[in-house]
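Participant: Listed below, chain by chain, are the residues.
Number of protein chains: 2
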Amino acid sequence: MEAEFIDTLVVKNNTKIIFLIMDGLGGLPMGGRDQTELEAARTPNLDALAGKSVCGLLDPVGYGITPGSGPAHFALFGYDPFKNNIGRGILEAAGIDFPMTDRDLLIRVNFATIDTNGIIVDRRAGRIDNETNKRICKKLQNNMGRISDRVEVIFEPVREHRALLALRGDGLRDEIQETDPQQTGLHPFSPKALVPEAEETAALLHELVNKARNILSDEKKANMLLLRGYSRYRQYPSMEQRYGLNALAIAGYPMYRGIARLLGMTIGPQPESIRAEFMALRENYKAYDFFFVHIKPTDSRGEDGDFDAKVKVIEEVDSLIPLVTELNPDVLVVTGDHSTPAALASHSWHAVPVILSSATCRPDRVEKFGERDCILGGLGRVPTMYLMGLALAHARRLEKFGA
Amino acid sequence: MEAEFIDTLVVKNNTKIIFLIMDGLGGLPMGGRDQTELEAARTPNLDALAGKSVCGLLDPVGYGITPGSGPAHFALFGYDPFKNNIGRGILEAAGIDFPMTDRDLLIRVNFATIDTNGIIVDRRAGRIDNETNKRICKKLQNNMGRISDRVEVIFEPVREHRALLALRGDGLRDEIQETDPQQTGLHPFSPKALVPEAEETAALLHELVNKARNILSDEKKANMLLLRGYSRYRQYPSMEQRYGLNALAIAGYPMYRGIARLLGMTIGPQPESIRAEFMALRENYKAYDFFFVHIKPTDSRGEDGDFDAKVKVIEEVDSLIPLVTELNPDVLVVTGDHSTPAALASHSWHAVPVILSSATCRPDRVEKFGERDCILGGLGRVPTMYLMGLALAHARRLEKFGA
Chain H
5 MEAEFIDTLV VKNNTKIIFL IMDGLGGLPM GGRDQTELEA ARTPNLDALA
55 GKSVCGLLDP VGYGITPGSG PAHFALFGYD PFKNNIGRGI LEAAGIDFPM
105 TDRDLLIRVN FATIDTNGII VDRRAGRIDN ETNKRICKKL QNNMGRISDR
155 VEVIFEPVRE HRALLALRGD GLRDEIQETD PQQTGLHPFS PKALVPEAEE
205 TAALLHELVN KARNILSDEK KANMLLLRGY SRYRQYPSME QRYGLNALAI
255 AGYPMYRGIA RLLGMTIGPQ PESIRAEFMA LRENYKAYDF FFVHIKPTDS
305 RGEDGDFDAK VKVIEEVDSL IPLVTELNPD VLVVTGDHST PAALASHSWH
355 AVPVILSSAT CRPDRVEKFG ERDCILGGLG RVPTMYLMGL ALAHARRLEK
405 FGA
Chain L
5 MEAEFIDTLV VKNNTKIIFL IMDGLGGLPM GGRDQTELEA ARTPNLDALA
55 GKSVCGLLDP VGYGITPGSG PAHFALFGYD PFKNNIGRGI LEAAGIDFPM
105 TDRDLLIRVN FATIDTNGII VDRRAGRIDN ETNKRICKKL QNNMGRISDR
155 VEVIFEPVRE HRALLALRGD GLRDEIQETD PQQTGLHPFS PKALVPEAEE
205 TAALLHELVN KARNILSDEK KANMLLLRGY SRYRQYPSME QRYGLNALAI
255 AGYPMYRGIA RLLGMTIGPQ PESIRAEFMA LRENYKAYDF FFVHIKPTDS
305 RGEDGDFDAK VKVIEEVDSL IPLVTELNPD VLVVTGDHST PAALASHSWH
355 AVPVILSSAT CRPDRVEKFG ERDCILGGLG RVPTMYLMGL ALAHARRLEK
405 FGA
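From first to last, the protein sequence lines stand for chains H and L. For the first sequence, the working numbering begins at 5 and goes up steadily by one. For the second sequence, the working numbering begins at 5 and goes up steadily by one.
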C-alpha cells in the first residue's frame with residue numbers, strides 16, 4: 005500500500021490525536037545487564053497505559069536500516085521516507101529553522117583547512133567552535149557581494165565547522181558535483197554541472213567558491229569551504245492538506261521544529277523542560293487536532309552512551325504521563341522515531357516499541373511497555389509510515405474503502 | 005510480492021480447499037466486557053481446530069483501512085484489492101446478481117425528489133419502499149424507448165431508493181461526471197464527459213436523464229434520478245484461469261453470489277440457513293476443488309451493534325464445524341473478510357483472526373480461536389491477498405520457485 009493512499013479516505017471529525025515521541029526510544033541491553041533502557045526504567049504509568057492499549061513494534065524505514073532524524077520523522081507523520089527522502093541541504097536548513105522559500109537552493113557547507121597548494125589538510129577545519137563559525141559566516145556574508153543580479157547569497161552558521169549556504173533565485177538546479185572529496189590530501193572538487201541544465205548554477209557556485217577562498221585566505225583554520233547535499237527547496241503537502249489535521253508541534257530542538265514546519269504544522273513556543281512541553285500541550289489542547297510532542301533527551305543520552313541517564317529520562321516522562329492522559333485524547337501514541345541504544349551510542353536499525361491508546365483499539369495481552377513485551381502486541385510489526393493511518397482510523401477520521 | 009505472482013507457480017492436483025468465511029468476524033470488547041465476540045463465544049470445535057492448525061491475523065486491505073465487502077472479498081480470493089478496486093456500479097449489479105456482459109456500462113441510480121424549479125429537496129426520495137422502487141423501474145423501462153439504435157437501456161430495482169442502470173452497447177465510457185451533487189438545495193449536475201472520448205456516452209445519458217424526468221414527472225417522491233459510480237464491466241481472470249480451481253460459491257446473499265460470479269465461480273443454490281450451507285457443501289463436495297462458504301449473519305449482527313447475537317451466530321457455526329471437518333479437506337480456512345465489531349456497529353480496520361488447517365501446516369501454540377490468541381499464531385500477520393497463496397501451497401498446488 006502506498007502511504008498516501010489514506011489521504012483519499014480522510015473525513016472530517018473533531019477527534020484529537022497526540023503523538024508523544026521519545027526520540028531514540030528503542031534500546032539494547034548494555035554492560036552485562038539483561039534489560040534495555042525502557043525495560044529497566046520504572047514506568048508504572050506507561051505500563052498501565054500499555055495494559056489497556058494495543059502495542060507493537062515500528063520499523064522506521066526498513067529491516068536493517070538505521071534512519072536519520074529526517075526520514076524517521078517523515079515516516080512517523082505518514083510520509084514515505086524513500087519517496088520523501090529529504091535533501092541534506094533542506095535538513096540542515098530545517099535544523100536551524102531557516103525560513104526557506106520555494107526559490108532556494110540549500111547547500112550544506114563544511115569549513116575546511118587547505119595548505120598553500122590548495123590541498124585539503126583538515127576536512128573539518130579543526131572543528132572550529134560555534135563563535136568562530138558565526139564570525140566566519142558573517143565575514144563571508146559581508147564580503148561576498150553579488151555573484152549575480154538575480155541570485156541572493158545567504159550564509160548561516162550551524163555549529164562547529166558546519167554552515168548553511170542558501171542561493172535564492174529563479175531556475176537554480178541541484179544537479180551539481182559535491183566539492184568535498186571525502187578525504188584529505190586532495191584538492192576540493194569543482195562544483196561541476198552534472199546535467200547541461202545546471203551549467204548556470206554551476207558557474208555561480210564556481211565564482212562563489214573562488215570568492216570565498218579569497219575572503220577566507222587570512223584564516224588559519226577555516227580557510228576554505230566544501231559544498232555538499234545540494235537540495236532545491238521542495239514543497240511537501242501539509243498535514244492539513246493530507247489529513248485535514250490542524251497540527252501543533254511542541255519541540256525544543258530546532259531540527260524537529262524545522263521538520264514540523266516543512267509539513268505545515270504550527271510551531272509552539274520553545275519549551276525548556278519535558279514538563280514545560282506537557283504543559284504547552286495542555287494549554288494549547290483546545291485549539292488543535294493533532295499534537296506532535298517531541299522529547300529529545302532520550303536520544304541525546306543514548307548518543308552519549310549513558311544507559312542510566314537514558315533510563316532516568318524515560319522515568320521522568322513516565323512520571324508526567326498523567327498530564328497527557330488526563331486530557332482523554334481520542335488517540336494517544338507513545339513511541340520513538342528510531343532506536344538509539346546507549347550500547348551503540350548512535351541511532352540504530354532496531355524496531356521501536358509503540359503504544360496506541362484509544363477507545364476503538366483492540367486490546368492485546370501486553371501489560372508492560374518494553375521491547376520484549378511489544379513483540380507480542382496486537383499491532384504486530386508495522387512500518388512506521390503506516391502508523392499515521394492507524395491513528396486516523398482509531399480517531400474515526402477515515403471512511404470505508406470501496407463498497 | 006505481487007498477489008498474481010503465485011499464478012506462475014500453479015500446478016494441477018486433486019486436493020480440495022474450503023474457505024469458510026464468517027463475514028465481519030473480527031470484533032472488539034464492548035460495554036465493559038474484556039472479550040471480543042469471538043473470544044466470548046463458546047467454540048469448542050473451532051478451538052480444537054485452532055489447536056492442531058496454524059493461526060494468524062489477516063489485514064484485509066492495509067493498516068487502518070476499513071474495507072467494503074468488494075475489496076475485502078477480492079483480497080480473500082487472492083485479487084489485489086487496490087488493483088482490482090471494483091466500481092460501485094459493478095458492485096451494485098453484482099449485489100442483485102445481475103447478468104453483466106462485457107458491453108455493459110453499469111451505473112448506480114438514486115431516486116430523488118426535486119421541486120418545481122428542479123432543485124433537489126430529498127436525495128433519497130423519502131426512502132421509497134421496495135415495491136415503489138420496482139414499479140418506478142418498470143415505468144422507466146416501459147416508457148424510455150430507445151435512446152440510440154446501438155444501445156440497450158436496462159433498469160433494475162435494488163432496494164429503497166436505489167436502482168441499477170445498465171447501458172449495453174459498444175464503446176461506452178465511464179469517464180462521466182456524477183449527477184448527484186451530494187447535497188439538497190442544488191440542481192442535479194449534468195452527466196458531462198470528463199474526457200473527449202466519453203462525449204458520445206455523455207450525450208446518451210443526457211437524453212436519458214431528460215426522458216426519465218418527463219416519465220417520472222407525475223411521481224410525488226421519486227420524480228428524478230441521480231447517477232453515480234459509472235463502471236464499465238471489467239472481465240477479471242477467473243479462479244480457474246489463475247489457479248486451476250473449479251470453484252463453488254455457497255452464499256445466501258446476492259452481493260457475495262455476484263462477486264463469486266465475477267471471479268468465475270459456479271454459484272450454488274441459495275441456502276436458507278447456515279446448516280443448509282454446510283449441507284450444500286457436503287452434497288457438492290465431490291464435484292469441485294474449491295468451496296467458498298459465506299456466512300452473513302456475523303456481519304449483520306455486528307452492524308446491528310448486537311454483541312450477544314453475534315456471539316450466538318459464531319456459536320451456531322461452531323456447532324456445525326464437524327459437518328465440515330468430517331469431509332477431511334486438504335485445506336480448511338476459517339476466517340472473515342473484515343472485522344465488524346458490534347461496539348462500532350460497522351465494518352472496521354481491525355485485523356481478522358484466521359485458522360489454516362491442513363496436514364501440511366506447521367502447528368503453533370494457539371489453542372483457542374480468538375483475536376488475542378491469533379496474535380501469537382504461526383502465520384503472524386498477513387495481508388489477506390496472500391491467504392490464497394498459502395492455501396494453494398498447503399494444498400500442494402504450487403511448485404517450487406527457481407532452481
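Keep in mind that the hints are not guaranteed to be accurate.
No copy labels: a pair is met if it fits in one copy or bridges any two.
Using 25 Å as the maximum straight-line C-alpha spacing, the simulated SDA-like pairs for lysine to any residue come out as follows [what the hints assert, rightly or not]:
no., residue 1, residue 2
1, 20, 348
2, 316, 181
3, 56, 377
4, 20, 325
Keep in mind that the hints were calculated from the coordinates and are not lab data.
Participant: Hint by hint, say whether it matches the structure.
Facilitator: Cross-check of the supplied hints:
1. 20 with 348: between (36 Å within a copy, 18 Å between copies)
2. 316 with 181: neither (45 Å within a copy, 60 Å between copies)
3. 56 with 377: Both ways: residue 56 and residue 377 sit 14 Å apart in one copy and 17 Å across, limit 25 Å.
4. 20 with 325: within (17 Å within a copy, 44 Å between copies)
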